[in-house]
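Number of protein chains: 2
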Amino acid sequence: MGWGTNEQLIIDILAHRNAAQRNLIRKTYREAYGEDLLKSLDEELSSDFERAVVLFTLDPAERDAFLAHEATKRFTSSHWVLMEIACTRSSHELFNVRKAYHDLYKKSLEEDVAHHTKGDYRKLLVPLVSAFRYQGEEVNMTLARSEAKILREKISDKQYSDEEVIRIVTTRSKAQLNATLNHYNTAFGNAINKDLKADPEDEFLKLLRAAIKCLTVPEKYFEKVLRQAINKLGTDEWALTRVVATRAEVDMVRIKEEYQRRNSVTLEKAIAGDTSGDYEKMLLALIGAGDV
Amino acid sequence: MGWGTNEQLIIDILAHRNAAQRNLIRKTYREAYGEDLLKSLDEELSSDFERAVVLFTLDPAERDAFLAHEATKRFTSSHWVLMEIACTRSSHELFNVRKAYHDLYKKSLEEDVAHHTKGDYRKLLVPLVSAFRYQGEEVNMTLARSEAKILREKISDKQYSDEEVIRIVTTRSKAQLNATLNHYNTAFGNAINKDLKADPEDEFLKLLRAAIKCLTVPEKYFEKVLRQAINKLGTDEWALTRVVATRAEVDMVRIKEEYQRRNSVTLEKAIAGDTSGDYEKMLLALIGAGDV
Numbered sequence: 001m002g003w004g005t006n007e008q009l010i011i012d013i014l015a016h017r018n019a020a021q022r023n024l025i026r027k028t029y030r031e032a033y034g035e036d037l038l039k040s041l042d043e044e045l046s047s048d049f050e051r052a053v054v055l056f057t058l059d060p061a062e063r064d065a066f067l068a069h070e071a072t073k074r075f076t077s078s079h080w081v082l083m084e085i086a087c088t089r090s091s092h093e094l095f096n097v098r099k100a101y102h103d104l105y106k107k108s109l110e111e112d113v114a115h116h117t118k119g120d121y122r123k124l125l126v127p128l129v130s131a132f133r134y135q136g137e138e139v140n141m142t143l144a145r146s147e148a149k150i151l152r153e154k155i156s157d158k159q160y161s162d163e164e165v166i167r168i169v170t171t172r173s174k175a176q177l178n179a180t181l182n183h184y185n186t187a188f189g190n191a192i193n194k195d196l197k198a199d200p201e202d203e204f205l206k207l208l209r210a211a212i213k214c215l216t217v218p219e220k221y222f223e224k225v226l227r228q229a230i231n232k233l234g235t236d237e238w239a240l241t242r243v244v245a246t247r248a249e250v251d252m253v254r255i256k257e258e259y260q261r262r263n264s265v266t267l268e269k270a271i272a273g274d275t276s277g278d279y280e281k282m283l284l285a286l287i288g289a290g291d292v
Numbered sequence: 001m002g003w004g005t006n007e008q009l010i011i012d013i014l015a016h017r018n019a020a021q022r023n024l025i026r027k028t029y030r031e032a033y034g035e036d037l038l039k040s041l042d043e044e045l046s047s048d049f050e051r052a053v054v055l056f057t058l059d060p061a062e063r064d065a066f067l068a069h070e071a072t073k074r075f076t077s078s079h080w081v082l083m084e085i086a087c088t089r090s091s092h093e094l095f096n097v098r099k100a101y102h103d104l105y106k107k108s109l110e111e112d113v114a115h116h117t118k119g120d121y122r123k124l125l126v127p128l129v130s131a132f133r134y135q136g137e138e139v140n141m142t143l144a145r146s147e148a149k150i151l152r153e154k155i156s157d158k159q160y161s162d163e164e165v166i167r168i169v170t171t172r173s174k175a176q177l178n179a180t181l182n183h184y185n186t187a188f189g190n191a192i193n194k195d196l197k198a199d200p201e202d203e204f205l206k207l208l209r210a211a212i213k214c215l216t217v218p219e220k221y222f223e224k225v226l227r228q229a230i231n232k233l234g235t236d237e238w239a240l241t242r243v244v245a246t247r248a249e250v251d252m253v254r255i256k257e258e259y260q261r262r263n264s265v266t267l268e269k270a271i272a273g274d275t276s277g278d279y280e281k282m283l284l285a286l287i288g289a290g291d292v
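Going line by line, the protein sequences match chains A and B. Under UniProt numbering, the first sequence is numbered contiguously, ending at residue 292. Under UniProt numbering, the second sequence is numbered contiguously, ending at residue 292.
Looking at chain A on its own, in the form it has when it is part of the complex (with noise of 0.2 Å):
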C-alpha cells in the first residue's frame, strides 16, 4: 500500500489539526483506499509514516484500544503498553477505552490482558486496567502515613509483588498515592523507586517503577520512552510513533519541556536528526514544531 502524492496535504492537514478534519483524513481514507482506518492498522502497515497518520487520527479511546489489543497479541505483546495506557489516562479516558474494546474486539480488556499474563504481571496488570480511581484531590494524611509505613515494610522485605503494595498502587487515587509517596520520601530518606532499584536487572521491578512514575510524573516516563527510542541503534520507531501520537493533544508540551532539559536538545532536533522524509515531517508536525 502507498499513499501516492497525497503525503504532503495529509501533514498539512494534521499541522493545524482539529478534531473535524480528523474526521476528514478518516473520510478521505476510507474513499481512497477503500477501508477503515483501524482495518488498515490491523493489517500492519507497511511504513512508519502511515502508522503515524493512522494512529493519531483514530478517536482516543479507539486508538488506546487497538494498543491495548495490540499488547495482548502474541507477537506484539507488551506489559509495558498496557501499563502505560492504565496508568496515564483519567479514569474515565480508561473507562472509553475499554468500552471501545468491547465494541471492536467482542472482549473486555481485562479477559484479554488477564488471558494472556501471568504470575506477578497478572496481578499487577489486570487490576491497574480495571481501575477506576478517584479523580479528586482529597488526600487522607493518616492513611498516606500507615500506607508509606506499609509500602517501606514490603520494599525492605524484598516482597515487591506483595498484595498489599499492589493494592496501594492499583486503587488508590493519583492524588492519595501522590501524598503516600511524598510521606515514604520524607520519613524514610529515598524516593521510592529508589528503594525499588534493588535489582536493576529484575524486570517486573522496573515496570513497577515505571507504573508508579506513570500515575505520579507522566511527563517524565514519556520524556524517557523518547529518549530511549531516539537513542536507540535504529532508533525504535515503534515507541516512538506510540508517544506521539497518543500524547500530541495531551501533554507534549510538558514532554518537550522535560526532554530538553533532560537532554539539552530539543525533541524537534533529536527527532530531526533520527528519522527522515515524510515520516520526520509528520511527528514534527504532531510535536507542534510548525506552530513557533
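Since the hints were derived computationally from the structure, they do not count as laboratory data. All values reported here derive from a predicted model rather than from experimental measurement. Mixed in with the good hints there might be a few duds.
Copies of the same chain look alike in the list, so a pair counts if it fits in one copy or across any two.
What the hints assert, rightly or not - In silico DSSO-like cross-links for lysine-lysine, where the CA-CA straight-line distance does not exceed 30 Å:
hint	residue 1	residue 2
1	Lys39	Lys174
2	Lys106	Lys123
3	Lys27	Lys118
4	Lys154	Lys224
5	Lys154	Lys232
6	Lys149	Lys73
7	Lys220	Lys106
8	Lys154	Lys73
9	Lys213	Lys39
10	Lys206	Lys118
11	Lys194	Lys73
12	Lys174	Lys99
13	Lys27	Lys220
14	Lys154	Lys106
Keeping the supplied structure of chain A fixed, place chain B upon it in accordance with the hints.
Positioned in the frame of chain A, the structure of chain B alone reads:
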C-alpha cells in the same frame, strides 16, 4: 424519627411507582424531614418500613453504592452484598455504581473493597467489583472447553482460590462463562456447584458458589436469599428489604415464580405470614402483590 400519618400515602404511591413519583417521594421527604434520604439512611433508620421506603426510593446506582459502602464498613460488613451487587448487575449498571460511589464517598469502590478485605476474599471480590464484562452473546466454544478443563483440574486439587479459577469467574462474559459451565457439566458429569460443595462449612467456597449462581441464574440466588431470610428464626429483615428494594423493578416476576416453585407457596403469602403493619404492606406493594 417517625413518619406520622403518611405511611399509607407513601405505600399507595409506591404501589403505582415510577421514576417521577419516586422523585416526588424524595422531594416530599426532604420537605417533611429537612434532610436528604441518603443522609437518613446513613443515620440508621429506626424501622424496617423506613429502610424499605428509603432504599427503594433512591436511584438504583446510588442505592447500590450505598449498600456497597455499608458492606465495607466494620459493623455492617458483608462479602455477600458486595458479591451480589458485582455479579447480578449489568456491566453498565455496575459502572454506574462505581461512578455514584465516587460522587457520594470521594473514594473508589474497589479501593474500599481492597482495603477492607483480605486473603482469598480480596482476591475474588476486588476483580468482581472492578469488572466491566463484555455483554454480547458471542461464545467461543474452544475457550469454553479449555477453561472447563482448567476449572475441573483446580477443583479436583481443591485449589478453589487458584488464580486461574478467579480469572475465569471474574473476567469472562456471562454468556461465555455459561458455555464453560455447561461444558463442565456435560464433560465431567456434575454441575460445578456440586463439585464446589466438597466442604460445606468453608465460607469462601460458599461465596464462590453464590457468585457463580449470581452470574448464571440470579433468580435462583435471590430465591434462596429470600427463603433463608423468611425461614430464619426472627426474619432477616435486612436481607428481605435489600432484595425486594433492589429487584422490584428488575426481575421480581421471575424471582416470584422461582420462589413458588421451590417453596410451594407464593412469595406474597410467605412475606405476609412473616411481617406485619406498614412494613408488610410496603413489601407487598413492592413485589407487585397489588397488581393482581
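Verification of the hints:
1. Lys39 to Lys174: between (35 Å within a copy, 28 Å between copies)
2. Lys106 to Lys123: Close inside one copy (24 Å) and across copies (26 Å); limit 30 Å.
3. Lys27 to Lys118: neither (40 Å within a copy, 52 Å between copies)
4. Lys154 to Lys224: Cα proximity of Lys154 and Lys224: one copy only (27 Å, versus 42 Å across).
5. Lys154 to Lys232: Answer is neither: 34 Å inside a copy and 45 Å across each miss the 30 Å cutoff.
6. Lys149 to Lys73: Only across copies: Lys149 and Lys73 sit 23 Å apart there, 38 Å inside one copy, limit 30 Å.
7. Lys220 to Lys106: Cα proximity of Lys220 and Lys106: across copies only (28 Å, versus 35 Å in one copy).
8. Lys154 to Lys73: between (33 Å within a copy, 26 Å between copies)
9. Lys213 to Lys39: neither (33 Å within a copy, 39 Å between copies)
10. Lys206 to Lys118: Answer is both: 16 Å inside a copy and 26 Å across each meet the 30 Å cutoff.
11. Lys194 to Lys73: neither (32 Å within a copy, 36 Å between copies)
12. Lys174 to Lys99: Both ways: Lys174 and Lys99 sit 22 Å apart in one copy and 17 Å across, limit 30 Å.
13. Lys27 to Lys220: The answer is neither: 36 Å in one copy and 50 Å across copies each exceed 30 Å.
14. Lys154 to Lys106: between (39 Å within a copy, 28 Å between copies)
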